[in-house]
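Undergrad: Take each chain as given, in its own frame, and dock them per the hints.
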Amino acid sequence: MYFNSNNLSALINDARVRNIGFQVLIIGALVFSVWWLMDNTLTNLENRGKSLGFGFLVQTAGFEISDTLGTWLFDYEVGVSTYTDIYFIGITNTLLIAVLGIFLASIIGFTVGIMRLSNNFVLKYFATVYVEVIRNVPLLLQLFFWYFAVLGILPGARSQLEVLGGLGGLNITGLYLPAPVFQTGFGVVFFAFIASLVLSYGIARLSKKKQEKTGQGFNVALIAPVLIILITGTTYVIMGGPLDWTFPEFKNTGPIFKRGFQSDTGMVLVPEMLAVLLALTLYTAGFIAEIVRAGIVAVSRGQTEASYSVGLRPGVTLRLIVIPQAMRIIIPPLTSQYLNLTKNSSLAVAIAYPELVSIFAGTALNQVGKEIEMIFMVMSTYLVISLITSFFMNWFNARVKIVER
Amino acid sequence: MNNISIVLVAIVAAAAGYFGSTMTKNEAPAPAPAAEKTETASVEATLNAVKAKGFVQCGVSQGLPGFSNADDAGNWTGIDVDVCRGVAAAVFGDASKVKYTPLSSKQRFTALASGEIDMLSRNTTWTMTRDTQLGLNFAGVNYYDGQGFLVPTKLGIKSALEMDGANVCSQTGTTTELNVTDFFRENGMKFNLVAFEEADAVVAAYDSGRCDVYTTDRSGLAAQRTKLANPDAHMVLPEIISKEPLGPVVRQGDDQWFNIVRWTLNAMINAEEMGVTSANAKSMANDNNPSIKRLLGTEGAFGAELGLSNDWALNIISQVGNYGESYEAHVGPNTPLKLGRGVNALWSQGGILYAPPVR
Chain W
1 MYFNSNNLSA
11 LINDARVRNI
21 GFQVLIIGAL
31 VFSVWWLMDN
41 TLTNLENRGK
51 SLGFGFLVQT
61 AGFEISDTLG
71 TWLFDYEVGV
81 STYTDIYFIG
91 ITNTLLIAVL
101 GIFLASIIGF
111 TVGIMRLSNN
121 FVLKYFATVY
131 VEVIRNVPLL
141 LQLFFWYFAV
151 LGILPGARSQ
161 LEVLGGLGGL
171 NITGLYLPAP
181 VFQTGFGVVF
191 FAFIASLVLS
201 YGIARLSKKK
211 QEKTGQGFNV
221 ALIAPVLIIL
231 ITGTTYVIMG
241 GPLDWTFPEF
251 KNTGPIFKRG
261 FQSDTGMVLV
271 PEMLAVLLAL
281 TLYTAGFIAE
291 IVRAGIVAVS
301 RGQTEASYSV
311 GLRPGVTLRL
321 IVIPQAMRII
331 IPPLTSQYLN
341 LTKNSSLAVA
351 IAYPELVSIF
361 AGTALNQVGK
371 EIEMIFMVMS
381 TYLVISLITS
391 FFMNWFNARV
401 KIVER
Chain E
406 MNNISIVLVA
416 IVAAAAGYFG
426 STMTKNEAPA
436 PAPAAEKTET
446 ASVEATLNAV
456 KAKGFVQCGV
466 SQGLPGFSNA
476 DDAGNWTGID
486 VDVCRGVAAA
496 VFGDASKVKY
506 TPLSSKQRFT
516 ALASGEIDML
526 SRNTTWTMTR
536 DTQLGLNFAG
546 VNYYDGQGFL
556 VPTKLGIKSA
566 LEMDGANVCS
576 QTGTTTELNV
586 TDFFRENGMK
596 FNLVAFEEAD
606 AVVAAYDSGR
616 CDVYTTDRSG
626 LAAQRTKLAN
636 PDAHMVLPEI
646 ISKEPLGPVV
656 RQGDDQWFNI
666 VRWTLNAMIN
676 AEEMGVTSAN
686 AKSMANDNNP
696 SIKRLLGTEG
706 AFGAELGLSN
716 DWALNIISQV
726 GNYGESYEAH
736 VGPNTPLKLG
746 RGVNALWSQG
756 GILYAPPVR
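So the sequences go chain by chain: W and E.
Using our numbering, the letters of the first sequence map in sequence onto residues 1 to 405.
Using our numbering, the letters of the second sequence map in sequence onto residues 406 to 764.
Just chain E, same shape as in the assembly (with noise of 0.2 Å):
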């Protein structure tokens, strides 16, 4: 009877002292070796699970129009979706090779980072902390946006500057909140704020009259108007209160991965710039500018230096379409979104969207 105490005792002594070295170990600052042996270790992980998976599991919204939206049939679609299509006809050639996860925005970062997603399209905005704090890195901006306000007409507010004491309606969970607060409070003025979970929730609580006010970002604000019971009745405000540049974002350490996806997005900016669109990508393979030929994969090996094949950018644009086409078929202006180019229009015509060469 002692003996077996005695072992008893040993045991759970000795794991004991296991687990609290352990703890203590990983409080400590991690050694160099050690880190860099992970960061090896995830090079090209994601790429190879990719490959092997036989698809890109793309997270996405629970139905942005224009962004990321399913129809009634299954399909998505949106700008967002379009660089994740893009994505899988770089690695795979063909993008229907994408499997959709519908996220909250509470649930976005933390699906990346624990590996249920291999990549975020989720119109979400590129800031410090989300870059420095959660492990993630922005691979780039695919819109240029900015947090605006939508009011009903007959309240007949002209401007932001007018909300003093309003109530406003957002989601929570986002940049949309700190803003809001932040614009407020410069202002100094008063508002109480009403922040639900879902998207949808906020639309309802708008159209009820629950609050006056509804705040996210302009584009979000175009895409949920249509979902208004009367869509005509209210007004975006001109006030621009922040800025929201949105993007895909991968995990950090894996920086083949990484390169993947920003290079799939400049790809598709720069085929714009160079006049190359899903018709005539096939036949522009063999055109005089030596940028297109490099872009296409006639000449260099640039494919080779992402892991991919040298016809990675003809698949995208053939499939997928250009920066531009993508724009025109899910938010432009024929869309019921009916979002001119504004700042998202090409460097060289009046916006600031421009993507560094490929050579």
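Next comes chain W alone, as it looks inside the complex (with noise of 0.2 Å):
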């Protein structure tokens, strides 16, 4: 009796109801498919005789991984290191090279951006076959090209080209430099050094503020380094200087095989990082540079003439006026081409370079067979480095923002 015809048409017209009913429909149907995704595959490894588990993680590893950053940090050492350890290991040398690529590719990409707005031919030149080539080659291929083109033209394992006037050396096996070795007492002067940057900003910020109100700040250029230096060279004295070099040793005579650098001496950068490195950063240095180049294109005509106009230079305008405004158009993408150079960052097993995927989702996974597991571990941490990196790079944007009147 309650639900006679009229009665459902009006609750049909009803644009409330209806909203409502789409909303369970659509929230139904994504909770069927989930549980009916989760089902298939815990049915289907049951029937393979496969549990699902993470008991693998405190079991040790038989296996050797190059010398790098994650190795050295997590003290890698073959049947004790667990996987647990590699895990971190490969987050370690993965996050080594998402740091410093998206480092040394803004700064490339933005030079190669500006350089292709330039009046001189030969740079234009220079950065448009750049960008071109670099955009259309695939990255494997030029990982591939950058890792042989630089193992062909070092030196062999049994000699050195030095550097640092002899302290350190590049051969095929590396490049061997000093390394630190921090004894008691250099956290204090780490934490003197942090303070010192944080009273340099502060200082920075004041000078800013006495320029708006009076015209005039202190020269903060040349305070900041001095007070830096002052503030760390003083607690790194008094601390009775906390810090030993251990360098690089080669030798020239015995056993084929102990010939060369020797290992546990200085620190070394295995070519395969380097080559990653340099390939990652060129190819989204690339990206970078036509994104800039498009950002500050937007920017409209008119500020630049009347900057003109007011008497600033060039350069000065485009430091002062042009980049300010083409910062709030570049940030977005910039943010997508820092979470590709992170994510590309798992092509490096093709070269060697023992970054997460590599080991952990490779190496190991082999060894350990638990592959829903590792793969889910590792889309994790590529999903949380990713979510932090876009974070900051959103908090960054709305700082620059132009705030319109």
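In case anyone wonders, no lab produced these hints; they're calculated from the structure.
Even for Gly, the Cβ is constructed at its ideal location relative to N, Cα and C.
Hints are supplied without guarantee of correctness; some may be wrong.
Said to hold, decoys possible - Which residues of chain W face chain E? A few of them, derived with a C-beta cut under 7 Å, are:
1) Phe63
2) Asn171
3) Ile172
4) Thr173
5) Glu249
6) Gly254
7) Ile256
8) Gly362
TA: Structure representation (structure tokens):
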């Protein structure tokens, strides 16, 4: 009696009821598909005699890993370190490439982008060719190219090219540099360094405020470095110089494999890392260059003309007028490029750089066999890294946005 | 409005409850009847699926001369390829009914476990972990191998024990890395490992001088040495540091398919032992020797036990050849790999190749 046709049509014609009805249907469909996928996976795993579980994380690993920041940081030792250590070593190596890559790619990208807009024909032509070539060749090929090109020109394992006046050396097994050894008390020096940085930043803010009020700030470019060096230096001396260096040792005699650079002396940057960094940086810089160029071109021509008419030179105009306005157009696509760089580092497995995908979702996966858990862990890790990056970039974007009146 | 929200919450709660119970159900040990039910369901499944498809999907390497390698016309050859062709000959009577999927060492087990391929014939080492933890079964050994080292002759190294401090290149995701780490640890030597995903990258890095030593199975060393710029400037060190029995792999739970693959390999080995070759197989079917008659199907109904026709072995031998023919054609002393039979000779000729009899 309640559901006669009049009541039903009244129900359906009500917009609110329709909206809520669709929501219920969509949520129901979503929940159902997720449930169906998971149920399907679990049933199939059961049929094949495999089980889910994260217990493998405490098993020890039986394979060796190249010397990189990760293995140094986590003291990797075969037969002692567990798969959890391998997971963190992978993350460290990936983050190293990501951070250095983002930093270098931004610098190169901005430079090339601005070069492309210059009036100098050679600079413009070089930048154009660079961008066109880099963007049109697949990254994996570029990676192989740089790796084998780098390997091809370096001297053999038992000779060296001296760098830093003999303190370090370069050959096909890596770039060997002096390594810092931190003694007790270095923590205080580091803290003093950070404190001096904060202080300089505070002084810069003060100077800006003073400039807005009175038209003249203090010379921060001079004061800040002096302050940093002074504070850090004094703390260093007070703590008794808690920094030691180990230098790479090069031997020319003895059994053939003992010649060349001795391991565990100094710090080594393996050619794989250099090649990955080079390839990723140049590749991403090509895209960043185009983003920067687009941002700058988007600033209306009137701004530049007005700036010239007031008497500002092109360099100053670019720095103070054009780029701040261009930044709000540049930053969102720039975020995408940074995320791309982080994820593209996973290609490093092709040239033996031990980052997360290579050692955890590669070698370890093959030994342990728990694909679903490990791939899930790796995907979540990349997701978290990417979210942190874009969160920071969005905050930065909000800060440099121009507030329209 | 309130009614609708109540309905919404009820749906979500019901779904969560059902889903939660499904998860916990699967974490507890599966009850025996359920396990039995799934096993009988998948027995005979592969053979039926293969017959319905009309070809065997064979997982092979990405190009290892002698074992599974494609020529420039796209034809695959090698001793691993011959095992797949043998299975196709046994099932369809036509050894050409095979499609090949090149797989990296990282993908190979997942491809087999997921059903993407019917069998894996990819110079895969039979180990306990792989046999027990991956839901797979090894159907036999078609090449007894061991891991070795390749070094440039000009370094003057004569033995693997002189390799303290060496840079070693290998492929990642294989038993190779584990074995070489164990070897260096046992002998108290240090080394640096450079592990690439693709075998071609390993060979290129070794050739460029990035590492001093290239390690993989000795058959792989012989095969990849042919790809170097100057193959004769390199030598294989005498030490064999591991046991690497290479053989075909199938999924667990399908005993019939497992038997087919296992007995295809056994038939090829038995044929060589009895002197049956691809040339004389048809005429030997009426030989006086009862073992030959049983093998080739003239006597007995062994084919029916496998779910195949009685001339299953006759088809294998006449179209693919026996084990010795396959070996000589792809990895023997007259091929660029130049591998002698060594331990892969028949048991009656000083090796360890021994197949159970067809009776």
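Undergrad: Confirm or reject each hint.
TA: Checked hints:
Annotation: interface hint on W:Phe63 holds; nearest CB of chain E at approximately 4 Å, less than 7 Å. Here the hint on W:Asn171 is broken, as its CB sits about 10 Å from the closest CB of chain E, past 7 Å. The beta carbon of W:Ile172 comes within 6 Å of a beta carbon in chain E, closer than 7 Å, and the hint placing it at the interface holds. Residue-level restraint check for W:Thr173 holds (minimum Cβ-Cβ distance to chain E is 6 Å; threshold 7 Å).
With a least beta-carbon distance of about 12 Å to chain E, the hint placing W:Glu249 at the interface is violated under the 7 Å criterion. For W:Gly254, the interface hint is violated, the least distance from its beta-carbon to any beta-carbon of chain E being 9 Å, above 7 Å. A least Cβ separation of about 5 Å between W:Ile256 and chain E falls short of the 7 Å threshold, and the interface hint therefore holds. For W:Gly362, the shortest C-beta to C-beta distance to chain E is roughly 6 Å, which falls under 7 Å, so the interface hint holds.
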